[in-house]
Amino acid sequence: MENNSSLQIKIDKELLRQAREICSEMGLDLPTAVRMFICQLVRERGLPFTPSAAPREEELFYSPQNLAHIYKGLQDIQEGRGITKTLEELQAMEQQGGAEKQPDEA
74 MENNSSLQIK
84 IDKELLRQAR
94 EICSEMGLDL
104 PTAVRMFICQ
114 LVRERGLPFT
124 PSAAPREEEL
134 FYSPQNLAHI
144 YKGLQDIQEG
154 RGITKTLEEL
164 QAMEQQGGAE
174 KQPDEA
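Just add 73 to wherever you are in the sequence shown, counting from 1, and you've got the working numbering.
Heads up, none of these hints are tricks.
As a list, the in silico EDC-like pairs of lysine to aspartate or glutamate whose alpha-carbon atoms are at most 20 angstroms apart:
#1 86 <-> 98
#2 83 <-> 102
#3 86 <-> 102
#4 83 <-> 94
Just so you know, the hints here were simulated from the structure itself, not pulled from any lab data. Quick caveat: nothing in here was measured; it's all calculated off a predicted structure.
Construct the complete structure from the given sequences, taking the supplied hints into account.
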């Protein structure tokens, strides 16, 4: 008698694609990774990781607040309200202890 059971879950197609890709990069297939997860779950009698609501770095970059800030900066530059510095000027400012406020930045 076979001692195996099947597990069927619904998952977003893109999430599934990404999971398969990551498993492949690790030399695993997805069913093996899921079995590993379940074994760890049973062994530790809990999740084998600490759940976190902290967003990933790219999620922070593309957040609505950050994008609004970026677009405002671009608009300011296009309308002549920006201050441009060369890389050398920025490096010199950094060596002098940081950038001082420019009169038109206030």
